[in-house]
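Trainee: The chain contents come next:
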Amino acid sequence: MNVAITIWENRISPVFDSAETLLIAEIREARIVGRKIRLFQAGMFDRFLHMLHEHEVRAFICGALCAGPARLLETQGIQVISFIAGDAEQVLERYIRGDDLTEFAMPGCRWGRCRRVGTKGQVD
Amino acid sequence: MSEFAAIRDKANEIILESISEGVFTVDHNWRIMSFNRAAEEITGTPRSEAVGRFCWEVFRSNMCEGDCALKRTMKEGKSFVSSTTYIINNRQQRIPITVSTSPLRNQHGEILGGVETFRDHSLVEELRRELSGSFMVGDMVSRSKAMRKIFGILGQVAESDSTVLIEGDTGTGKELMAKALHSLSLRKDEPFVSINCGALPDTLLESELFGYKAGAFTNAHKDKPGLFQAAGQGTIFLDEIGDTSAAFQVRLLRVLEEREFQPLGSVTKIKTAARVLAATNRNLAEMVEKGEFRRDLYYRINIIRFHLPPLRERMEDIPLLIERFIRKMNRLRGRAVAGVGQEAMAILLAHDYPGNIRELENIIEHAFILCNEGEIGIGHLPASLVQLQADQPAPVCDLSIASGVQATEAEMIIDTLRRHGYNRLAAARALGIHKSTLFRKLIKHNISLPEIDGRTSRKRSFQG
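Those protein sequence lines, which keep their order, are chains X and F. For the first sequence, our numbering begins at 1 and goes up steadily by one. For the second sequence, our numbering begins at 1 and goes up steadily by one.
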């Protein structure tokens, strides 16, 4: 499966709306076997969705994300893990291990706040 | 610490905790040092979780990654006031805010960090929406006098069961009005069905409206219920009724009068309880006079009539409609377009919209293809619209030769006076007229002169 993360330098981009860079990691048997960097414009959401489909992205990790786009992503069958902060590589590594990502939750977003979905990695 | 300093610090703390503006301070590493009560409320983040974290993880503004006001403040050592932006709170909502930033300095003037204050504008936005909502019925919005008059009686008309005729140019929102009438009526939970009568030939239109029985014509293998049947106790909207044939008008009149219809190929009649709303972009009264529309049907459907004004007669609605379309398209396409820039708005307001509201919606949709976020500018508008405005001749108030001569004379006098340092005598000589003639012309053209008159300054310079 492929996992996409919005990145800002080496961190997870704080707000999806202003994010511009997407890291797409190809994961096979709990290992990263490929990485791609793609630029995108969050404002062009339909194009962004198309990009995720094109790269067969099954899970999407990002910073703060509004309810509207989150729901649109979920209806497309993409697992959304939003309101995550920290080092992108660390988060990805923990996600692949199937760990709970609660410790990477943005301040004010623990204990189910911010309606983050799927805090645990679901790697096939 | 002295007692006075302790009291001052305590007072500052109380003030910070009681104001409605969110305030936080950061150090050089962008870690939050303090976070007041209002900041907790606006962001939805408790102070205990915010302090010590990176400001962008807590504040979550769309400016954080690119155009951070605090970063500019720390870099330039300057304050920035009232930038408009939004944050995303812990309920996944965009909160509109205004932000001001200042450097945090010690007593030696060294920058220790930055302070950011922000104000929640949700209430202002909400009130603005409420205000526009008061001119709203169903999906229709308007501030125009004519439309507000219609809105005022729409509720009563909706509650009655009368047939309504809606007249208006194409794209003025006739179907929206029909839907509003249905949703305000007691039939709102029943179906609303609509058909464009002008788009179908007679036979097809009749089979669509009244349905048919199996074997009524070739390929009619089974019974098909018509729209009158589908509408049940609801509402049926017949659009472009002025484009129907005389034969169809007779059939429709009978249905309206007898409240029953006969599907094609059937020998029995079916009762209908549907309410009929009709619309046209043509002048039915004129058509009746010319014998192009049946008088009896006209009187049957013209029990209550609404005339929707074209958009060019309700220009005050353009900003309201634009805002509505932008909000709708932002929601549908997940965009963050803030509005329309001043120059683009001027072009939109100058257009006369032969296609009415539909044309305006199409223009905004076109702009959305080119504009992802920020404001819609001239470059995002259709080229044909921008070109049309550029081709318009500049407004000329008075085209007479006499007024042109007057204007040129005044310009020449002002120009000559300026070139001669406002020395009246020198200017009069240069213009080839007497000094007293110049004074008469100054009064005639209402030209006021500065305090200096050329001679004074020259004298001064000679003395100097």
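By construction, these hints were calculated from the structure, which means they are not laboratory data. Please note: incorrect hints may appear among the correct ones.
Keeping only pairs whose Cα atoms sit at most 25 Å apart, straight-line, the calculated SDA-like set for lysine to any residue is [claimed, not checked]:
{"#": "1", "chain 1": "F", "residue 1": "Lys78", "chain 2": "F", "residue 2": "Thr170"}
{"#": "2", "chain 1": "F", "residue 1": "Lys71", "chain 2": "X", "residue 2": "Thr21"}
{"#": "3", "chain 1": "F", "residue 1": "Lys71", "chain 2": "X", "residue 2": "Ala67"}
{"#": "4", "chain 1": "F", "residue 1": "Lys71", "chain 2": "X", "residue 2": "Asn2"}
Chain F regions said to be covered by chain X (calculated; three or more residues, Cβ under 8 Å) [what the hints assert, rightly or not]:
{"#": "5", "segment": "46–54"}
{"#": "6", "segment": "91–102"}
{"#": "7", "segment": "234–242"}
{"#": "8", "segment": "307–318"}
Backbone N, C-alpha and C define an ideal beta-carbon position, used for all residues, glycine too.
Trainee: Work down the list of hints and note, for each, if the structure agrees.
Mentor: Now the hints, each set against the structure:
A threshold of 25 Å between alpha carbons decides the hint, and for Lys78 of chain F with Thr170 of chain F the separation of about 55 Å lies outside it, so the pair is violated. Between Lys71 of chain F and Thr21 of chain X the CA atoms are separated by roughly 21 Å; this keeps the pair inside 25 Å, and the hint holds. At roughly 28 Å between alpha-carbon atoms, Lys71 of chain F and Ala67 of chain X are farther apart than 25 Å, so this suggested pair is violated. Among the hinted pairs, Lys71 of chain F with Asn2 of chain X is inconsistent with the structure: their alpha-carbon atoms are about 35 Å apart, more than 25 Å.
Only residues whose C-beta sits within less than 8 Å of a C-beta in chain X count toward coverage, and the segment 46–54 of chain F has 5 of them, enough to reach three; the restraint holds. Closer than 8 Å: that is the beta-carbon criterion, and the segment 91–102 of chain F has 4 residues meeting it against chain X, so the requirement of 3 holds. Here the segment 234–242 of chain F counts 0 residues with a CB under 8 Å from a CB of chain X, which misses the bar of 3, and the coverage is violated. Judged by the Cβ-Cβ criterion of 8 Å, the segment 307–318 of chain F is not covered by chain X as claimed, because only 0 of its residues qualify and three are needed.
Violation of the numbered hints given earlier is confined to hints 1, 3, 4, 7 and 8; the remaining hints are satisfied by the structure.
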